[in-house]
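Dock chains L, S, D and P with the ligands against chain V, hints included.
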Amino acid sequence: MSEFILETRGLSKNFKGFAAVSDVSLKVRRGSIHALIGPNGAGKTTFFNLVTKFLPPSSGTIHFKGEDITHEAPAVSARRGFVRSFQISATFPHLSVLENVRIGLQRKLGTELHFWKSEKSLSKLNDEAMALLDEVGLGRFADTTTAEMSYGRKRALEIATTLALEPELMLLDEPTQGMGQEDISRVVDLIRKVSANRTILMVEHNLSVVADLCDRITVLTRGSVLAEGSYDEVSKNPQVLEAYVGSDDMSDAHH
Amino acid sequence: MTSAFQPQPEFLRLTDVHAFYGESHVLHGIDLTVHKGECVTLLGRNGSGRSTSLKSIMGLVGRRTGSIMLNGNQIIDEATHRIARRGVGYCPEERAILASLSTEENLTLAPVVASGGMSVDEIYDMFPNLKERRNSPGTKLSGGEQQMLAMARILRTGAKLLLLDEITEGLAPVIVKRLGEVITVLKQRGYTIVLVEQNFRFAAPLADRHYVLEHGELVATIPREELPEKMDWLQQTLGV
Amino acid sequence: MEILGMPTAVLASQLLVGLINGSFYAVLSLGLAIIFGLLNIINFAHGAMYMMGAFVAWIALTKFGISYWGALVIAPVLVGAFGVAIERILLRRLYKLDHLYGLLLTFGLALIVEGVFRDQFGISGQSYEVPEALAGGIPLGFMFLPTYRAWVVVAALTVCFGTWFMIEKTKLGAYLRAGTENPQIVQALGINVPVLITLTYGFGVALAAFAGVLAAPVFQVSPVMGSNLLIVVFAVVVIGGMGSILGSIFTGLGLGVIEGLTKVVYPEGSSIVVFVVMVIVLFIRPAGLFGRS
Amino acid sequence: QISDSVVKIGVLTDLSGQYSDLAGHGSVLATKMAIEDFVAAEKPAFKIEMVTADHLNKADIASAKAREWFEREGVDTVSDVVTTPVALAVMKVAKDKNRLVLGTAPAASSITNENCNDVTIHYGYDTYALANGTAKAVTQQGGKSWFFLTADYAFGHTVEKDASAVVTAQGGKVLGNARHPFPGSDFSSFLLKAQASGAQVIGLANAGADMANSIKQAAEFGITPTQSLAGLLIFISDVHSLGLKNTQGMYLTTGFYWDRNDETRAWSKRFFEQQKKMPTMIHAAQYSAVYQYLKAVKATGTDDTQKVMAQMKKTPINDFFAWGGKIRDDGRMVHDMYLVQVKKPSESKYPWDYYTIKATIPGDEAFQSLADSRCPLIKK
Amino acid sequence: MIRNRSSQETMTRATLAILFVFGLVAPFAIYPTFLMKVLCFGLFACAFNLLLGFIGLLSFGHAAFLGVSGYVCGMMMRDVGVTPELGIISGTLAAGLLGWLFGVLAIRRTGIYFAMITLALAQMVFFLVLQVRATGGEDGFQGVPRGHLLGVIDLSSNMAMYYLVYAVFCFGFFVVHRTIHSPFGQILKAIRENEARAISLGYDVSRFKLVAFVISAALAGMAGATKTLVFQLASLTDVHWHMSGEVVLMTLLGGLGTIFGPLVGSALVVTLESELSDKVGSWVSVIMGAIFVLCVLTLRRGIVGEFKALLKRVGVS
Ligand SMILES: Nc1ncnc2c1ncn2[C@@H]1O[C@H](COP(=O)(O)OP(=O)(O)OP(=O)(O)O)[C@@H](O)[C@H]1O
Ligand SMILES: Nc1ncnc2c1ncn2[C@@H]1O[C@H](COP(=O)(O)OP(=O)(O)OP(=O)(O)O)[C@@H](O)[C@H]1O
Ligand SMILES: [Mg+2]
Ligand SMILES: [Mg+2]
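Residue numbers (the working numbering), protein chains in the order written: chain V, 259 to 513; chain L, 915 to 1154; chain S, 410 to 702; chain D, 10 to 389; chain P, 4 to 320.
The following block holds chain V by itself, in its conformation from the complex (with noise of 0.2 Å):
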């Protein structure tokens, strides 16, 4: 088994001739918490477009443990455990909290397109969905329909639901953006917390949710790696800091 999960090979999006992303080779390693950052309009969410397949490449590929799987369907992807979170909250607003973690949980059933069946065949997953609720701390709101809840709870039970697919690769887009100071606390607990065993890559702003949670950091500008290394390492590098902060120290940018 490979080192690392994840691996693009020069990978490229051209826009019109406007090279957003271009010739990345990136490697994440199992295990670890790996973040993008980089300047506005670096190519960092075409980036992560291209990973999760949202875009078409126009060069390069991408492996997921060694498999190529650069022209694969994203849901086939995602039955692979490699699955993407949203930058806009992407919930059920309508179904309860419990019902929202089902529907990840449901495929393992294989009774998703029994249409003859009732409803009542889900309840045998309840349990499960409790358990990966209460890991998220979302326990006691099982029964609440999701839009009635705050925007932080909403970010947790969109990770509860991600993790019952039990993926082995998180993508994360900005997970803290528009958070206030508390929820960004909750939210950086929460992926440290299911962290364990898995592999995240996430894009971030917030460079001190970057420093808390990351072992690895790559920085995009132009479309190209700029730098590539531990928070420490990253934040001593001078054309980073002029790239991206703007000033000699990297604790400037920390919100």
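With a Cα cut of at most 30 Å, we get these calculated DSS-like pairs of lysine-lysine:
{"hint": "1", "chain 1": "L", "residue 1": "1054", "chain 2": "S", "residue 2": "580"}
{"hint": "2", "chain 1": "S", "residue 1": "505", "chain 2": "P", "residue 2": "192"}
{"hint": "3", "chain 1": "D", "residue 1": "278", "chain 2": "D", "residue 2": "56"}
{"hint": "4", "chain 1": "S", "residue 1": "578", "chain 2": "V", "residue 2": "274"}
{"hint": "5", "chain 1": "V", "residue 1": "494", "chain 2": "L", "residue 2": "1091"}
{"hint": "6", "chain 1": "D", "residue 1": "307", "chain 2": "D", "residue 2": "52"}
I should point out that these hints are in silico values taken from the structure, not numbers from a laboratory. Nothing here was measured: the structure is a model prediction, and the numbers come from that model.
For chains L, S, D and P with the ligands alone, coordinates are given in the frame of chain V:
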């Protein structure tokens, strides 16, 4: 009433403003006053009603009651576009860049409402990313670029009251720093600014006064001078 | 020489006839596309407005002695004003809702308008003569081209491209496009969006009325003249890409020609060819020929 | 014995759609007039009621309505039933329930051929009579080569078939046809095709708005002066709406013309006073049929369908609509038809002065003979 | 919250029970043919509602399923001579098959494009029905016998026919209800709420939509076949796009996404059509038009939807 002898005439005054979305009552009687050339912030947790306060000024909520005086005129019953024409620039938290227009069209869309706005060139100097992508469709910009554009387009119109909702969201620290400088310059030029911010580190040095909202109500007003002593309390209420 | 089993002369004349019909499609679908684009409403009353345009021309002539040329101005203005009233009173309440409601409401409107006209003027239709100045025809060698039909093409194309220019190339057009997308924000930037919307609906409807006046001397002026055409015009808009201005113009013209050819090769199929084209196009280009996906 | 001591006549017609001018409210009015006249003249001992409904040109609605009338409201006869699909659907229900159908408005000759039954009378006209009358006259006058512009549905096909047979029988030739979708609006492509065929006569096997537009556009493309048009199903309401300028010189066959004699004029003027339009042949036939029916009810003293039917079949019809008309065993009401030519605008002296009667076609010649009938009721 | 939900369920159950009993005794009070028509269209609208109300797919071609199934059933009954239940089954299967074909072609499109592509396909079906000789074209396919159910029960009596229609309706209604409340239905709900998220959770969204589409088409077909039996004819009306429009109206009028809405909507439309045509003549379309306009302006959630909202408001205060 405003008097010509006051050095800082009152520019915006909200009195007992209530706001509703459909049947849900979100603001429960807000009172606040901003003088010409001041910068104030609205602080609060997620959902405390900060964005709604800005939207109420612009007339973008379902229904509002109370009084909103702008430069001596009652605007609570005015249509949104009229309010804008009185010199209010609004930068929404969702950015709302228009996909059917190019970056430059987005930038130049808003009609100029008063003299003294920035020129397009000045804006491009401030945000070089935008210049580079000027012909690209607006929503094809990166998240941060869209944020810059949303801010930039109201700087052009000459609006003297800026309502800025989470403008540092999703921006790289370099740009956040630049924005801080811009706001300082704007203040010097006599602009009046209402900031809604999560990024307290960004907002604190800029603001003359902080208003703290909770559940749609104003719970505290903290002038800049009192900030150090109130820091603990703030930390508790907001988690900053 | 023969193409598709037809002498070239016959083919040429059929192509020309197709183009003429295409001009009607283009003007109608253009109005529909503008309305959909800005108001997000699928204007099922478009056919009724077209019919009203033709009737206004007919009434103007028979009751008030106003000539065709007068009608060409009056009908769009009157029907446009009717549209403005409709927008102000009814459609205004639906903007935040699903397309479905606008469609249902305008469908109801179409029923009402058609019903009233049917009651007033009967079903058989009225005859409207070709105006003096455009009577007669031009012998082209391969066919006899009625002058009036030539005028239809010229007038329709002028209006279509004029509209396109206004929307794509002027500031007003930028307001329109922006207002379509996010009326609230555009209004917060200081633009009077409600008026913009009202006028756009009025303009789209006026285009339909204009087509109606153009059609009056060609077809019987009857209360159902619009509803028969409407579904084809919808298809045109969809094939062109919902809301795309150029798309609706070119698709309108193109489909007129394709339909014309079908009428020669397999006449029975001419009512269906539009839908065949639609299925093929949407299968290959999910957002239509000119649509943004 | 009269059931519920009321004779109930249903007028099932198109009150709002395509055919509401040629049948529709006019048929309702004609029925009302027939009932009033009958009551005034014959002083019957039974009560007469009329019910009306709009079938929206849908066979299923018509059939449901007829069924409801029969099952719930005790309607004795359903009349008008404009358009063939409607008529066929209603005939099936009527047969099941053993009630009478007075088909004064549908066109297809199949009603008294393969689809005939013993509860239906086809009154007034049919495609055979119209096509036969017009095509024969036009061919005889030298229009030997024909091209058909045909509405692509059962009705159009029947008319085309009936007329082609006549044309060939008269030594003419059919050069081709174009089948246009129904309903259509632009016919120029088809007309150009007809023009290219070089035929002397373009036979219009379509109706209503389609026919009107074909005629109008033929004039526009300069086809009419060189080739002539023959309308195979034209009502006076069509001529009225198209105007004489567009229709002048056309030949057509009709079962009734209001200005034919004093009797027709007298009745038509009464009709006109209320309807503001002159009656079509359907309206006149409707009056006549209802009147005949009521007479038969009075004569037999019952509203039993078979008895009334037998009575009607043996009673000759002599009124302003038909002189010497008779109802055959296949249900066909046979009477004289008229070949007319549309006047030039300059010849028209007063409102609705539209036709010159060129010939009277005796009933037996106008309609398909019993010998050729494909109706199973006719034993050969 | 929980209590709220279960009390709502109890109410639905109670309504169901009352309606069921009502359905059993109704033909003694109300004209059965009318009831049968309401039930047929009600089933049709329920089938349609499954798509629009619960997945958000607006099909503008549902007439094709209603109509084609009617013709197939008619042919099987009249020309092949099968028993009524086989007629209905074959019509249903034919519609299901056609639905699958439509679905494969259309399912990847969304919104208005989905509506238009289904409309286009339905227009082609209309064209075929018009052109093929066996259907009787414009004249319709007439003279379908009602036959004997299972070869035993004579359906020519309206009462016998009514109970068959009622049974078919209840079955169809149950299928819809079950589908919504099944593991499959859960995923459908999820797809409607957030399609992108459902994909990212590994569900092949098109497949779910396709299955739902086929179910809906088959049920629409079942309604069409039954209707053919009742009226003993299949006609072009059933395949025409107006019919596709009418079912949208019924559903919206009754209440989109509600369980009873489609039935109420169809009852209303059928009643209006038959009552108005006798009384107001040519004003019928004006009145219908005015009703739609009013409905859109004031009863947006449909009759059942507004009623539920009212109950909720009363219950809360
Ligand atoms: N669909 C597109 N068409 C054209 N240009 C695009 C498109 N998507 C992105 N771009 C351009 O590619 C560049 C990279 O964009 P991307 O969204 O990946 O940036 P990012 O690193 O996520 O930035 P941010 O931090 O601001 O979100 C930007 O300059 C953007 O304008
Ligand atoms: N369009 C809307 N319809 C209904 N309720 C709304 C709407 N927008 C906001 N709300 C509600 O109003 C309250 C205040 O929202 P607001 O957006 O003003 O909060 P905020 O302080 O800006 O927080 P955030 O950090 O989430 O932007 C919240 O409870 C929110 O759920
Ligand atoms: Mg980004
Ligand atoms: Mg906010």
